[in-house]
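**Student:** Sequence:
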Amino acid sequence: MMPGHPDTQTTLTYLQPILSAYKKEAYQGMETAIFPSYFHGKCLDDQGVEPDGCPNPDCPIVCGTPGSLVHFYPKLRYIAYNSTFHQLQALCSPGSDAYKQVEQAVMNAAASSGPDSRRRSYSRLFARVLSNAVNVGDHNKGSGHVSGAGTGSHSGATSGSGRNSVPSTRPKALAKAPSDKMLVPLFLKRDDDVQDELRNIMAQCHTLLGDACGANGLEETNGLPECSWEAAMKEYILSFP
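Under our numbering, think of the first position of the sequence shown as 1, with each following residue one higher.
Keep in mind the hints are simulated off the structure, nothing from the lab.
Listed below are the simulated BS3-like cross-link pairs for lysine-lysine, each with C-alpha atoms no more than 25 Å apart in a straight line:
no.	residue 1	residue 2
1	Lys-75	Lys-42
2	Lys-24	Lys-100
3	Lys-234	Lys-75
4	Lys-234	Lys-42
5	Lys-23	Lys-75
Using the sequences provided together with the hints, build the complete structure.
**Tutor:** In structure tokens:
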């Protein structure tokens, strides 16, 4: 997408708005997804009575106790993954404030990258188009008047020298330069190309999380072997009263 292939540190600099937004929003989003969306309230049985042995370090009732989180750890793990997945998807989608900042940073870098920068390239293209236009104008002046289409017109003759000659306001020479007229649309399209490439790359950010975690795409609670940390997390959870 950009000449020079920026290193990891430079790339992270471009992505800083998304990283910052994630750090700012992740805790509240995760907390809401866990409490009260799934785990909630005191440990009560179907009759609304607190069961014997509570707090239980391995509680089979969905509630808000550490024991319940431990017992239903596969569900807790999936909730955390799913919350992160969708938050990354939202942040990396065109239209989000973080995405707009990333896009602008990448566009600025792409515009100034390379030994001659795009601005100089634009200048050379503009100069060529302008030069060709001036040459066409000089050619038209040197040939007298440009005769229009007509059966009686002659090349290089003055206007009106043929019975059917009609003065033209559009020089034929200018119409014969389609390659020059294509130069401007070609380089203006470059910005769109960078935006399209960025959009395609950023569309993968949340799916890369699934690849890193070993997700099987079936939304199974036990389908995240690389993002489990089960033993350490259960020990941490049970450190709370």
